[in-house]
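K.L.:
The primary structure of each chain is shown beneath.
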Amino acid sequence: NAGVMQNPRHLVRRRGQEARLRCSPMKGHSHVYWYRQLPEEGLKFMVYLQKENIIDESGMPKERFSAEFPKEGPSILRIQQVVRGDSAAYFCASSKGPDTQYFGPGTRLTVL
Amino acid sequence: KQEVTQIPAALSVPEGENLVLNCSFTDSAIYNLQWFRQDPGKGLTSLLLIQSSQREQTSGRLNASLDKSSGRSTLYIAASQPGDSATYLCAVYVGGGFKTIFGAGTRLFVKA
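The listed protein sequences correspond, in order, to chains A and B. If you're matching positions, the first sequence starts at 2 in my numbering and goes up one per residue. If you're matching positions, the second sequence starts at 207 in my numbering and goes up one per residue.
Hints are computed from structural coordinates only; laboratory data are not their basis. Because the structure is a prediction, the values reported are computed rather than measured. Just so you know, even glycine gets a beta-carbon here, dropped at the ideal spot from N, CA and C. Any given hint could turn out to be false.
Stated by the list, open to error - List time: in silico DSS-like cross-link candidates among lysine-lysine, alpha-carbon distance up to 27 angstroms: (1) B/K207 x B/K317; (2) B/K317 x A/K45; (3) A/K45 x A/K63; (4) A/K52 x A/K28; (5) B/K207 x A/K63; (6) A/K63 x B/K317; (7) A/K28 x A/K63; (8) B/K274 x A/K45; (9) B/K248 x B/K317; (10) A/K97 x A/K72; (11) A/K45 x A/K72; (12) A/K28 x B/K248; (13) A/K97 x A/K45; (14) A/K63 x A/K52; (15) A/K72 x A/K28; (16) A/K52 x A/K72; (17) A/K97 x B/K207; (18) A/K28 x A/K97; (19) A/K97 x B/K317; (20) A/K28 x A/K45; (21) B/K248 x A/K97.
Unchecked claim - Computed far set for chain B versus chain A, every beta-carbon distance over 10 angstroms: (22) E223; (23) S271; (24) D273; (25) P288; (26) D290; (27) Y299; (28) A318.
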């Protein structure tokens, strides 16, 4: 059973471009969570999604950030008009229900 | 609001020493507590998961304890090795909020 998959593992964008981060949950998991780790800081919750629904986005910046988890395909975290402060590691986790979360390897975003 | 604190922030020990990493959380209403290892620039490796009804978990040289009533967990590493050098993260899963709250981590360096 493959673990949580994230791609790309590394992403470089120039200021003002869009970043799209993908997360494929473990097989059988319908709950996805996104976390951000800024340099030298711990992981911070961003958003919790179930298929086609955003359950909790209390940790997501109000502007430029959006997330979706469509009926088919991976969950997408989209950052529009990236700024240098968006440079961070973005981790995705999945679970079967409101239960133990399994984490992916992360995507490291660098904004030039 | 749940907060997770890890002490010490950094620790340097000689090889072979037994050591204890501490984690405290402010709200005892947790679903489970998990200890992770993170190597520089890498993802998270789950070390031990303790359900709220459990007192401890063991894996090899690692032992984690949980005292919900006092809001504390400890990670005990026996006979430390240079390969144990990494950042150790404590995280609590708050079932009601469906999110994992992370501590800032303890950076461990084991000298050969």
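K.L.:
Now look at each hint and say whether the structure bears it out.
P.N.:
Verification of the hints:
Among the hinted pairs, B/K207 with B/K317 is inconsistent with the structure: their alpha-carbon atoms are about 38 angstroms apart, more than 27 angstroms. With a C-alpha separation of about 31 angstroms, the suggested pairing of B/K317 with A/K45 is violated against the 27 angstroms cut-off. Simply put, A/K45 and A/K63 have alpha-carbon atoms about 15 angstroms apart, close enough for the 27 angstroms limit, and the pair holds. For the hint pairing A/K52 with A/K28, the CA-to-CA distance comes to about 13 angstroms; that is within 27 angstroms, so the pair holds.
This hinted pair checks out: B/K207 and A/K63 have alpha carbons roughly 21 angstroms apart, not beyond 27 angstroms. This hinted pair does not check out: A/K63 and B/K317 have alpha carbons roughly 45 angstroms apart, beyond 27 angstroms. Between the alpha carbons of A/K28 and A/K63 the distance comes to roughly 31 angstroms, so the proposed pair goes past 27 angstroms and is violated. As the CA atoms of B/K274 and A/K45 are separated by approximately 22 angstroms, the hinted pair is consistent with the 27 angstroms bound.
Restraint check: the Cα-Cα separation between B/K248 and B/K317 comes to about 21 angstroms, which is no more than 27 angstroms; the hinted pair holds. Using a Cα cut-off of 27 angstroms, the hinted pair A/K97 and A/K72 holds, with the two alpha carbons roughly 15 angstroms apart. Distance check on the hinted pair: A/K45 and A/K72 sit about 26 angstroms apart at the alpha-carbon level, within 27 angstroms; holds. For the suggested pair A/K28 and B/K248, the alpha carbons sit about 23 angstroms apart, so the restraint of at most 27 angstroms is met.
For the hint pairing A/K97 with A/K45, the CA-to-CA distance comes to about 21 angstroms; that is within 27 angstroms, so the pair holds. In summary, the hint linking A/K63 to A/K52 is supported, as the alpha carbons are separated by about 21 angstroms, within the 27 angstroms threshold. With a C-alpha separation of about 14 angstroms, the suggested pair A/K72 and A/K28 falls inside the 27 angstroms cut-off, and the hint holds. Distance check on the hinted pair: A/K52 and A/K72 sit about 6 angstroms apart at the alpha-carbon level, within 27 angstroms; holds.
Under the criterion of a C-alpha separation no larger than 27 angstroms, the hint pairing A/K97 with B/K207 is consistent with the structure, at around 25 angstroms. Between A/K28 and A/K97 the CA atoms are separated by roughly 9 angstroms; this keeps the pair inside 27 angstroms, and the hint holds. For a cut-off of 27 angstroms, the pair hint linking A/K97 to B/K317 is broken: about 41 angstroms separates their Cα positions. Distance restraint check for A/K28 and A/K45: the Cα-Cα separation of roughly 25 angstroms lies within the 27 angstroms cut-off, and the hinted pair is therefore satisfied.
A threshold of 27 angstroms between alpha carbons decides the hint, and for B/K248 with A/K97 the separation of about 25 angstroms falls inside it, so the pair holds. Separation of B/E223 from chain A is adequate, the least Cβ-Cβ distance of about 25 angstroms exceeding the 10 angstroms criterion. With 10 angstroms as the threshold on Cβ separation, the claim that B/S271 sits away from chain A holds: the shortest Cβ distance comes to roughly 19 angstroms. The claim that B/D273 is not at the interface with chain A holds, since no C-beta of that chain comes within 10 angstroms of its own (minimum 20 angstroms).
Every beta carbon of chain A lies more than 10 angstroms from that of B/P288, the smallest distance being close to 23 angstroms; the non-interface claim holds. At the 10 angstroms boundary, the C-beta of B/D290 stays outside the reach of chain A, the nearest C-beta of that chain being 20 angstroms off. Listed as outside the interface, B/Y299 is inconsistent with that label: its C-beta sits roughly 7 angstroms from the nearest C-beta of chain A, within the 10 angstroms cut-off. Consistency note on B/A318: stated as away from chain A, and its beta-carbon is indeed over 10 angstroms from all of that chain's, at 25 angstroms minimum.
Checked against the numbered hints given earlier, this structure breaks hints 1, 2, 6, 7, 19 and 27; the rest are met.
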